[in-house]
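Asker: Assemble the dimeric complex from its two separately framed chains, guided by the hints.
Just so you know, the protein sequences line up as chains A and B, in that order. Here the first sequence stands for residues 1 to 448, where the numbers follow UniProt numbering. Here the second sequence stands for residues 1 to 423, where the numbers follow UniProt numbering.
It is worth saying that the hints were derived from the structure and are not from the lab. All C-beta atoms in this analysis are idealised placements derived from N, C-alpha and C, irrespective of residue type, glycine included.
With a straight-line cut-off of 20 Å between C-alpha atoms, the simulated SDA-like cross-links for lysine to any residue are:
| hint | chain 1 | residue 1 | chain 2 | residue 2 |
| --- | --- | --- | --- | --- |
| 1 | B | K133 | A | E143 |
| 2 | A | K89 | B | E48 |
| 3 | A | K122 | B | L24 |
| 4 | A | K235 | B | L5 |
| 5 | A | K39 | B | P130 |
| 6 | A | K104 | B | A26 |
| 7 | B | K52 | A | I71 |
Examples of chain A residues toward chain B, derived with CB under 8 Å:
| hint | residue |
| --- | --- |
| 8 | S38 |
| 9 | L90 |
| 10 | E143 |
| 11 | P160 |
| 12 | G283 |
| 13 | Q304 |
| 14 | T306 |
| 15 | T312 |
Here are the simulated distance ranges between beta carbons:
| hint | chain 1 | residue 1 | chain 2 | residue 2 | range |
| --- | --- | --- | --- | --- | --- |
| 16 | B | V84 | A | M329 | 51 to 57 Å |
| 17 | B | P233 | A | W397 | 47 to 53 Å |
| 18 | B | P233 | A | V87 | 43 to 49 Å |
| 19 | A | E196 | B | K205 | 53 to 59 Å |
| 20 | A | D224 | B | R3 | 25 to 31 Å |
| 21 | A | Q255 | B | R3 | 29 to 35 Å |
| 22 | B | E48 | A | D45 | 36 to 42 Å |
| 23 | A | S434 | B | D406 | 51 to 57 Å |
| 24 | B | Y350 | A | A75 | 56 to 62 Å |
| 25 | A | D45 | B | R82 | 28 to 34 Å |
| 26 | B | F306 | A | K444 | 54 to 60 Å |
| 27 | B | R3 | A | E327 | 38 to 44 Å |
| 28 | B | D20 | A | G111 | 23 to 29 Å |
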Amino acid sequence: MNITHRTLSSAYRLINTSCIRNLSYSQCIMASSRHTNSKRIEGLDKNVWVAFTSVAADPTIVNLGQGYPDIPPPAYVKEGLANAAAVDKLNQYTRGFGHPSLVKALSQVYGKVYGHQIDPFKEILVTVGGYGSLFSTMQALVEVGDEVIIIEPFFDCYVPMVRMAGATPVLIPLRLRSNKKTSSISSADWVLDPEELASKFTSKTKAIIINTPNNPIGKIFTKDELQTISDLCIKHDTLCISDEVYEWLIYKGHQHIKIATLPGMWDRTITISSAGKTFSVTGWKLGWSIGPEHLIKHLQTVMQNTLYTCATPLQEAVAQGLMRDYELMGRPECYFTSLAVELEGKRDRMAAILQDVGMSPIIPEGGYFMCVDVTPLNQDLSHMGDDEPYDYKFVKWMIKEKKLAAIPVTAFCGDASKKQFEKYIRLCFIKQDSTLDAAEGILKNWNK
Amino acid sequence: MSRQLHARRIEGVDKNIWVDFTQLAADYQVVNLGQGFPDFSPPSYIQEAFCKAVNGGCSMHQYTRAFGHPPLVSILAKFFGRVVGHEIDAFEDILVTVGAYQALFCTFQALVDEDDEVIIVEPFFDCYQPMVKMAGGKGVYVPLRPVSMEGGKALTSADWVLSSEELASKFNPRTKAIVINTPNNPLGKVYKREELQVIADLCIKHDVVCISDEVYEWLTYDGAKHVKIASLPGMWERTVTIGSGGKSFSATGWKVGWAIGAGPIVKHLKTVHQNSVYHCATAAQEAVAQGFQREYELFGTPDSYFLQLPEMLHHKRKKLATCLESVGLQPVLPEGGYFMIADISSLSEYVDLNDPSTQDEPHDYRFVKWLIKEKGLATIPVSAFYSPEHRKDFENYIRFCFVKEDSTLNAAEDILRKWSDGK
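Just chain B, with the same shape it has in the complex (with noise of 0.2 Å):
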């Protein structure tokens, strides 16, 4: 064909991160602490929940209700209504997608119109930028900073704040929506109340709808807590609180995710899920809803998954910081999530980068195409979750991902320990 056969709207969005390193991971033989997955099983009682349901009757292999599994949106109703302490409505309040992946672009494509500005907090899950761009938007972006803390690095996600001022500068009569994601993939960060009412402050003041990524909600550790901005006041109504039922309960290709908010916005939501998959997969939906309903009689005791895997992991998590540390690198101790970055500035001389085929790329990206080809390890670089305008300042980061069993944590650390030993 002689004509431009591709649409506009997805020009400049065809490279992907997730795409070329996973292809890289499979192409080496690795440990994989790349992308974020678990490497251990579900909890059985989910894998159990979902051969019930391929067991079920005939109904649970056909359509169910498009906008979400009358039983799942019920036990999420119930169960976040719970959490945030007000009547959550089942049918017009929520609405169920194929992974929070598929809820983030159900909002922007319901919310943001040509020329909008959309905020999106720095680092960020790298769709967010792709996604703004496809929905015709622009993206504002403003950047965690590590506040140097007195005789050394800023150690811990906590350390990595927003300025009031500076965020307060990006908003203006264009601006539709900001995006944060709490607790933060890649750093960690989990977003503290006061922190939390700042931005709000500001969505009320702007009228700006508020687009919370709480994918990791029930991962955080050493005490931090998770809390929901659309639990505070003046909130509710503008803001769209995406959750994920894979991250949930550690089963990522399951694909099923949720947005929760305001029955005026969630109803452009389904609007727009309506009219691109219109329906999400019976079976898992009904595994869920029975992960959640066992989770809601659970709640806050020993016996609850969301308190046994953020235990789980906050071992596996100190394990990793420790045998970073020990061979050089310097953690950023998430206090939330799946994953920890680290600075390889101090380790950077020690690696070949004389690699042709990756000489234009950030530095992040061939320290870990090095890792990978040399010594087997997969990690992520970390100016993946920046704006092409702040990438070069953030280039001294790699994100790994924790979330895995022990003998692949002890593997990684025996790459490390060999390759430290032998510099």
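For reference, chain A alone in the conformation it holds in the complex (with noise of 0.2 Å):
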């Protein structure tokens, strides 16, 4: 054993003795070197909602920043967690890879959805909210040598699994559509270059990841756009992550695609989902990943080495919630629909909100965020340097002097893109009228 191990073993004798006497434990360690972080997790530690979502904590902000509801979820489900919670066994390990009641729920719903059967055992995995399927199929498909292409702005989780999986990310940004006046822009206006789609496919390419609707702009890829990724997929055998979780919310006008029942398709896509974003629950953390078997095996691997169950109680009652809604989909009452109605409405509210101050938000077509072009407010943030693109200076000086919160969107984009979106925020508007009516508040005074 060398020397340095001899003498920090030494130092750590000493340190503990005076540790003892005078400091708290943690606040004397020296660190050995040692006990530094596996190379897999190396520059992966920051994040942007470690940054900003203490803020929230401040019940003085109106906080249209974190993407969660401040309406209450559906009574029939916290009804449903509390008769589940009284049952002894429910309150126990259930089957690993989802819970006999919910897989069956699941397979319901979403062979209605596909219109073909799934495989309530082979084809679905029961996840830790769609975080813990992007993280299982991450894990179980990529690894060191890959590509994995993200389209920006993507929810910022994706970049840091693919790296922790040990694969290269490469980006390519919505762009706006040149031909667009700057009024009454919506997220369908904001497209992918097909040709420049098809140069990031190398023979390296694992997977594609998209997210539809998209966080934070709310496009709803059209049936030609993911025709245009399948026949990229197909073309250079790739897989598809389809990140789904907003499915439900999706406004007049529009209609929701699964790139999984496109021609060839289906066996090589993996589509998450959300329980927290379907029933407005994301205190839940429950999420699903469906796919074919030769697939979804390698997320159960992962899956039972990881965390191996997700809680009981919590999984049925999301069950018992899904059968109510299968029962009435397509039907107003079904929360599915509901919800998207009532949301509708917010945004609408949100969008008039920012045009009454002169900005011009990208109108979503589905999910519950919007995201915003400042500019029109001309806040000069020459003081506050140079070492953070504007976004991130403008929500944190927005956050201390109006009391307002959002998220910057170059959170959400890669180093070469930051320029392209630096003037956007994102708002999140699944709120009650309350705190809508505070945010219109804020942005009226904006200039008092």
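Answerer: Shown next, in the form of structure tokens:
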């Protein structure tokens, strides 16, 4: 054993003795160089949410930042959980890959949506949120030497997850159609350049990640756009990871299409969904991956070696909720429909608030976020220095000076695209009317 | 697709004993002393706490702090700070996870690199081996061995010990960590302070991290004392201690666990967590927080669940041990935990192991499957808790879970008696 270790060890003993006398243990730790992080997480410790969500704890701040409702979940969903927790055996471990009543309910709901039978035990994996499904997919199917195509702006975890799996993210931005005037922009006006997209596929491309409806922009990929992507997946024999957590939040005039239903795509696609987003219960952290057995089995292997099983009473409650809404599918009383109707009103209200103060929001076709270019507010932030993109500075300034929280959109893109997105901020509108009223008040009084 | 689909990191970790055996237990009508979960209810106060959380405000159903719900980490810091005798920082030194299982995963992923060695004491909770493998590490195994007593077999888990020389020989410059589990699953061993000191001395000498899985920390019997290795001198800064709400409150289906350790190490676990699941369910964390608040106030008093549960299990453990002895199985009386192992050697001649579907499996696997199919009693083969290298030396034990209603234990007793009488 070398001298450094011996010295460190005696140093520990010395420090330890003084610790007992004076300081808290953690305060006087000298971390050994051997107890540093593994290579796989090198550089992955920073995170936009850690930076901005502690802000949300301050009740004086109007929080349109992190994406969660401040409206209550439907009563029957909460009751389902209270009922489940009262049953003894539902407080103990259930089946690792998904509680039987839940995977059966999922099989029914999605069997109807996909138009073909889905095997509850072999073609579904229940995970800790949509996040957990993304992780299981990445760990199961992506590795060192692979490339994964990610469309900007993207839900921020895709890049660190790809990197943690040892692979290289290859980014391609959505771009605003050049013939659009600045008034009345929709998320549909943000499109991929098909040639640019084709150029990103190489022999190393393992997968492409798509998110529809997209967070943060709210774009819903059209059938043609999905067909372009599918053609490339098939041509290059790549996988498709389709993050569809906002699948039910579709506004009038638009349709959510599952890329897995396009010809040749079922066998190469993992589709990810979220109970949290479906039932307005983000704090339940349940999601699922649906796909062909030959892919899902690898996600199941990851699951059995990472957290093994998800919480039982929560799964039972989601199963109950799904069956109730399955019976009502297509009817206005179905929560999948009624929530979208409720949110469309809030979307339109949010858009009007922003337009009234001279801004041009990107009207989302789906999801619960709206991005807006803040240039018209003409906020001079040169006093804040140059080491961050404008939107980060703007959001920090706005939180402090205006008590309104949002999320900077460059958190959702790579370095090369920062200039393209740095005037945009993201606002979450799945909020009570009183929250939206308060936001309106702040924006109306901006220059006072 | 023509290319290899799965990532290499999951090669060799696809088999899983729980997936196989819980399916089997479900397929046959069995009295289930296999998988480790109670078949009685959690204490009513904890169920009430969960209901209260569910009916609480909106925020109970939305995201909470990613590294742990503030009321939970605060009470854990307070509770365990009192147990170890020094301040624990709620926000720096604790990570809440989806069960202790995920805490183990975060720890291995955070600290183990390709070719690092991790010492694992056998028999071990089976997930340690595939988790080390998935992190690219190499498992180095050192078995607890039954010390033969004069005139008889090793009768309690205290008789299973590590050889200090053998243990020391496993440490080398590539050793990144050692994993210990006390009370141990499946054996039930509760490491004594002196035994932990031997391990601690080696950890300090070789600058190795200690991963201490203490999910059964409240379940000790016959005066055995649970000692936290992190409380030994020089160990706080190099130990990750893992705990479980599921095991503490008999609610394994809630999946709330935690890792407690020095901030500089826990921060790496947090990085893994924020890039894998990010948040844990809010309501379950709130309920566990309430549970710990109550236990903090009642600690050491007869109303503490952490005293009542081991008292209740003490009697069940004795009952099962007596029953096993009476039918010719030789139990190893556990000092702690949920499980008891028993030597099946003397019964093997009475068991027809000619089932062709289990031909290539270890002896204890075949015995357990026979017992499920022919006698309707589920247990778990102990060689599943050994490394491939040492499995063949420990094919004569099966594991029973005694954290069951008396009616379940009685039903198991009936099955075994009938079998014994019919021999």
